[in-house]
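The chain contents come next:
Protein chains: 2
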Amino acid sequence: MPQHSPHETPEGDPFGPDTLPYGVFTPRDAPEHPRIGVRLGASVLDVATAARDHGSAYADLLDQPVLNPLMAAGRPVWEAVRAEIRDRLDQGVLPGAYARSLDAVTLHLPFEVADYVDFYASEHHATNVGRIFRPDGEPLTPNWKHLPIGYHGRAGTVVVSGTDVVRPRGQRKAPSDPAPSFGPSQRLDIEAEVGFVVGTPSAVGTPVPQSAFRDHVFGVCLVNDWSARDIQAWEYVPLGPFLGKSFATSVSAWITPLEALDAARTAPPARTYPLLPYLDDAAAGSEPGGLDLRLEVRVNGEAVSRPPFSSMYWTAAQQLAHMTVNGASLRTGDLFASGTVSGPEPDQLGCLLELTRGKGPWLADGDEVTITAWAPGPGGSRVGLGEVTGRVRPAVA
Amino acid sequence: MPQHSPHETPEGDPFGPDTLPYGVFTPRDAPEHPRIGVRLGASVLDVATAARDHGSAYADLLDQPVLNPLMAAGRPVWEAVRAEIRDRLDQGVLPGAYARSLDAVTLHLPFEVADYVDFYASEHHATNVGRIFRPDGEPLTPNWKHLPIGYHGRAGTVVVSGTDVVRPRGQRKAPSDPAPSFGPSQRLDIEAEVGFVVGTPSAVGTPVPQSAFRDHVFGVCLVNDWSARDIQAWEYVPLGPFLGKSFATSVSAWITPLEALDAARTAPPARTYPLLPYLDDAAAGSEPGGLDLRLEVRVNGEAVSRPPFSSMYWTAAQQLAHMTVNGASLRTGDLFASGTVSGPEPDQLGCLLELTRGKGPWLADGDEVTITAWAPGPGGSRVGLGEVTGRVRPAVA
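Note that the protein sequences, when read in sequence, are chains A and B.
When you line the first sequence up against the UniProt record's numbering, it's residues 1 to 397, in that order.
When you line the second sequence up against the UniProt record's numbering, it's residues 1 to 397, in that order.
Just so you know, nobody snuck in bad clues.
With the Cβ distance kept under 8 Å, some of the chain A side facing chain B (calculated, not the full set): (1) 115; (2) 146; (3) 149; (4) 155; (5) 157; (6) 169; (7) 234; (8) 237; (9) 241; (10) 246; (11) 278; (12) 325; (13) 326.
No wet-lab data here; the hints were simulated from the structure.
Ideal Cβ positions, reconstructed from N, Cα and C, are used throughout, including at glycine.
Okay, chain A solo, but in the shape it has when bound:
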């Protein structure tokens, strides 16, 4: 039995044969033909061309400018495609002539986003933010531990990692200001999140239970939900965040298949209240819904936080069940993000609002923010989740 190309992925490389995330790339020297690639170490494997060359039944799904057709094909096809790619690695067909250096390709937004939903699933984050935004009230609203709170964001401004983010302008009004003023946000922030990408759609009127999570969710990405705190604070009552968020949301270029994270499954925190049946995840025998993902946030190269995704109160399967329990349908390309990942410790907070207790400093023009993550893989290996990075450009004049 051949080894998994050890010469291509050094010991400990988080993009070994147990990871194999999907992206969309073009060679820098031939940008006219975007297609699906798979990451191995510091290379992109041109699995679209390999599939064509070797008569794969999946060539038409892989030779695409977005992942949506592959994602729409459903879990049996996802597993068959992944198995075929691993077989070709075992056989030595891959990487072969199909590897391109990451330095020699451009990575594109890997999927067409249908609806984008952002949750608010970290108890630590929601508590910290509640204390800052509503200092006179209880930090958690009464509903928080009974349902995963979420809202729809702007799908049209989801951009791929590496895209610059223009500082938004907008209205803000501090409580002490006599009237609102207008200008570039003075409190530009990040939110380190994990996103889940829907492959298999569902019909209107048909809730998707937690047990069907794997049938519908294709994979995982990293998300930076850029946030203008001054704009958000003035606008968000009573209908929620809008322009404080809608200028840009960055996602990683790599979508990690759900099955690459099987070894990272972990139990979520104990529940404070009994949950309604559609949200209850304590039933004997069900797969643990938490994921042990270790995030790291860097600003201009310096690590400022290491948020643990295992601390999230609400799991992605609960979010999916909640999002559809009213009969709302899923579409291929739906993205739902966790909300800011913050742990209990001061060096585990996923946004500057919390890291600076609402006082700043905030992001300056030219700052570059990078979020990375890894998860335990099989046999002590690491599974990398890629990175989401972006640089702040000055506001338009």
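We have chain A already, so just place chain B on it with the hints.
Quick look at chain B alone, frame taken from chain A:
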């Protein structure tokens, strides 16, 4: 000079040659080829086939299963296509063999929805709802008269008029309940709204001023923003409405071109506070931003309300300017709705929450809701905005 086909549209018909809204249809006896049609009286004109038969340069834009390609083509093309259709009416080419009875066609969702934003632009509605949802506070939040409050809704559950709506299930908890319960919504409501459909996209980082409204907005539809008040009341603090709205939003099958509403332009209400420059619409010489649309809401055939769109505090041009002032881009197919249209009088309220002062009765299974509207047209004519209708089906077991 021939008359505008008076035999096809009786005197006073709101779908005469000054209206000419666009939709997408299939003949009942030939459902395999959806294409663009234009309404005239009680007929659908097959303008796609007419354009093919007569060698129109616009045949490829009209022979489409959605309006998006035509909408993406921009205002000069929209005006040229409308002029060509009116010319063919004058010449007697239309209706000719191209008319099909409305009874003999199926009407489809006329455009692919990109992002869906719902505003909250009626002062009467926001005040009434504030009194019911937040009885201990000021009815209007401090930001309300400084910016048009809005939020993103679920684009994937926008459905065309005539689609049944399944009663949603979900969590609700009255303040007096010890814990939340789960089941079919007991407070199912409507919201009578007007929607604006974006044709011409805009670039990220480039705000769209009020003066560019006509360049970007293709047309107008009617919207029923179905709302489950019990689900909404329990979930909406702090991030806004989610499952209380996301199960279904109905839109009319007909999109009325903006230029058909030129005679309906009217000044919006006087502003309480000076507005920031990007929202200021009092500048001399600018086109009035309000629209004199007269809505009617019928439940099971009985008129229950006649909301006047002219009473809306925030105009669609202000909403567009606000939505993009942070640099958020527009895509072809973006839909932004006004929020519930309510006037100052008791018979001008656009939802049951207001009509019944929060007490119900609410919608029962089997109830059918229809919203229609018309506007003053040129020379005393009426311009019809079609209708949006839907029937409530029982919750899933």
